[in-house]
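> Chains as they are written, first to last, in our numbering: chain A, 1 to 99; chain B, 1 to 464.
Don't take every hint at face value.
[Stated by the list, open to error] Not everything, but these chain A residues come out facing chain B in the computed CB check (under 10 Å):
| id | residue |
| --- | --- |
| 1 | Gly50 |
| 2 | Ala53 |
| 3 | Ala60 |
| 4 | Gly63 |
| 5 | Leu66 |
| 6 | Leu72 |
| 7 | His74 |
| 8 | Ile75 |
| 9 | Val79 |
| 10 | Leu80 |
| 11 | Gly81 |
| 12 | Leu82 |
| 13 | Val83 |
| 14 | Thr88 |
| 15 | Ala90 |
[What the hints assert, rightly or not] Each pair of labels, with its calculated beta carbon distance range:
| id | chain 1 | residue 1 | chain 2 | residue 2 | range |
| --- | --- | --- | --- | --- | --- |
| 16 | B | Pro16 | A | Ala60 | 39 to 45 Å |
| 17 | A | Ala60 | B | Ser397 | 34 to 40 Å |
| 18 | B | Trp354 | A | Leu66 | 29 to 35 Å |
| 19 | B | Ser245 | A | Ala60 | 43 to 49 Å |
Just so you know, the hints here were simulated from the structure itself, not pulled from any lab data.
If you're wondering where the values come from, they're calculated on a predicted model, not measured in any experiment.
Don't be surprised by glycine CBs; every beta carbon is placed ideally from N, CA and C.
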Amino acid sequence: MRGDTDVRAKTLPIRNGPALGRIVFVFSLFTAVLTSGLLVGRRYIDPGSGSFAIQIIIAAVLGGLLTARLWLRHIFWRVLGLVRRKKTEAQPTGEEADG
Amino acid sequence: MSSRAEGRLPGSFRDPAGFVFQTDGTFYRQVNRSYATTFDALMRSGLYEKLAAQGLLIPHEDADPGLAPEPDAFAVIKPEQLGFVSYPFEWSFSQLKDAALTTLQVQRQALSYGLSLKDASAYNMQLHDGRPTLIDTLSFEPYEPGLPWVGYRQFCQQFLAPLALMAYRDVRLGTLLQGHLDGLPLDLAVRLLPWRTRLRPGLLMHLHLHSRAQTRHADSPQDREGLKGRMNRRRLDAVLESLASTIRKLTWNPGDTPWASYGDQSSYSEAGQADKERLVAEYLAMVDAESVWDLGGNVGIFSRIAAARDVPVVSIDSDPGAIDLNYRRMAERGERNLYPLVADLTSPSPALGWDNREVRSLTERGPAGLVMGLALIHHLAISNNTRFEQVAEFLASLGRSLLIEFVPPDDPMVRRLLAMRNHTFPWYTQEAFETAFKQFFRVQRTDLIMDSQRLLYLMTRRHE
């Protein structure tokens with residue numbers, strides 16, 4: 001009985017189809033790849049990549065804000081210009097009135 | 001800056017563009033052939049003249065190319081010589097902040113000349129003529145439009161992170177740089193920063209989100225080609241401006257801390273203080289040393305008397321508040337010969353980096369022509385339990401001459417220190433002091449300071 005159990009335990013993951021053993025195997029492999037990646041990665045970590053990535057994002061956000069500010073300023077002066085022109089048109093100068 | 005080694009400096013090995021070497025006590029920089037085009041661009045574009053004229057880059061003159069100690073030399077330059085080399089973990093808050101802003105100023109000007117800083121190392125910023133100056137003439141590379149700044153990470157780690165920690169947590173955290181020569185790892189910095197720093201947009205972006213991005217992208221290396229076209233000049237300028245404004249907003253005031261009472265700590269009467277200043281000036285004139293180290297220099301009152309002789313004066317104190325006030329005063333007045341330094345004499349800065357030879361220990365940067373130890377001996381002997389013989393031997397290793405003040409056992413300041421101790425110091429006597437120091441020095445002159453029991457000694461060391 002004891003021997004039977006041993007054989008089954010050894011052959012099960014390979015012979016049987018989508019059995020628990022295969023799932024465990026795939027899961028372990030996946031975990032191994034992940035953890036080996038982490039263990040090896042600790043020494044091969046490249047903080048530079050993240051720094052470039054965040055710098056590009058920050059640059060885009062700040063650049064966007066700058067553009068928005070310039071654009072708003074532009075609109076503001078345009079509107080102010082229109083208002084002033086209207087005011088000038090509405091109140092003709094003394095010279096024009098005399099003329 | 002003194003060092004007895006000849007040839008390439010042990011710490012100058014990272015940059016393929018060239019290296020620093022020493023011949024007959026003078027420091028030179030070899031420019032390698034591989035860097036010829038960029039070096040020409042720096043010199044011919046007008047950037048060098050502009051930066052040098054503003055004191056942002058160390059001026060140099062052409063030297064004999066035959067001096068090059070190694071093959072592959074394109075040129076040899078002789079930079080203006082530094083009075084003293086110090087390291088970021090020895091700087092006060094304001095000096096690190098000024099060095100950071102200078103780095104950004106150099107980078108902005110370089111960009112407008114089609115060049116860019118290829119790194120942002122704080123070790124390249126040394127005090128020269130009273131202001132932080134870029135000393136690595138080979139720090140530039142051609143600016144490639146569309147690329148982000150390669151020095152960004154290093155800038156955040158070497159400048160922004162320690163400054164934020166000093167401003168928001170504790171100024172003593174600046175010494176963390178001693179264990180991290182490439183700057184503070186950002187994940188460590190953000191763990192130490194208070195939560196409220198997330199509410200400051202600059203610190204949120206450049207430290208907190210930056211650290212998170214480093215973790216997220218840790219296993220996806222980026223190559224230079226892949227980065228091209230992801231940035232433009234306007235955006236790059238916006239990043240630099242954001243960094244500068246974040247740094248400018250970081251403040252730390254010694255007045256907000258327990259070190260608030262500088263200036264009124266003098267144990268002398270007005271006449272006594274004036275007499276001590278006069279005697280120190282006389283002793284300085286007698287020795288006429290080429291360099292001075294003022295140990296326990298506090299805010300630099302006596303350092304300034306020495307600096308008036310137009311020699312480099314290193315003003316050392318373990319108190320970051322005193323050194324910050326000293327540095328600020330120096331910067332405000334445009335004083336050119338002072339080098340304020342945060343260092344603990346009972347545990348001086350060690351040699352660090354590759355093979356322990358990249359960063360020199362404090363003692364290796366000596367000896368000075370003259371060492372001043374004013375109102376210092378009782379701190380070393382009583383607070384640190386150091387025997388007079390040990391103090392004498394240590395001071396003899398730091399300088400060829402010694403100007404030292406003996407504070408007698410019945411002095412109010414000594415009594416104050418003794419009151420805090422649970423054992424007595426029977427050996428703390430003038431006689432024992434003289435016997436110990438005479439083993440290492442010859443006494444040239446002794447004076448009693450007016451209105452006090454304190455004595456000033458001028459000594460020269462017995463062995464060269």
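> Decide, hint by hint, whether the structure agrees.
A quick look at each hint next to the structure:
1. Gly50: holds (4 Å)
2. Ala53: At about 5 Å, which falls below the 10 Å cut-off, the nearest Cβ of chain B leaves the hint on Ala53/A intact, so it holds.
3. Ala60: Hint on Ala60/A: holds, closest Cβ of chain B at ~7 Å, below 10 Å.
4. Gly63: holds (4 Å)
5. Leu66: holds (5 Å)
6. Leu72: Violated, about 16 Å.
7. His74: It is violated, given that the least Cβ distance between His74/A and chain B is near 16 Å, above 10 Å.
8. Ile75: violated (19 Å)
9. Val79: Violated: closest Cβ of chain B sits about 25 Å from Val79/A, beyond 10 Å.
10. Leu80: violated (25 Å)
11. Gly81: At 26 Å from the nearest chain B Cβ, Gly81/A fails the 10 Å test, so the hint is violated.
12. Leu82: violated (28 Å)
13. Val83: With Cβ-Cβ at 30 Å, over 10 Å, it is violated.
14. Thr88: Constraint on Thr88/A not satisfied, violated at 36 Å.
15. Ala90: violated (40 Å)
16. Pro16/B x Ala60/A: 39 to 45 Å: violated (33 Å)
17. Ala60/A x Ser397/B: 34 to 40 Å: Cβ of Ala60/A to Cβ of Ser397/B: about 55 Å, so the range 34 to 40 Å is violated.
18. Trp354/B x Leu66/A: 29 to 35 Å: violated (42 Å)
19. Ser245/B x Ala60/A: 43 to 49 Å: Distance hint for Ser245/B, Ala60/A is violated at roughly 18 Å.
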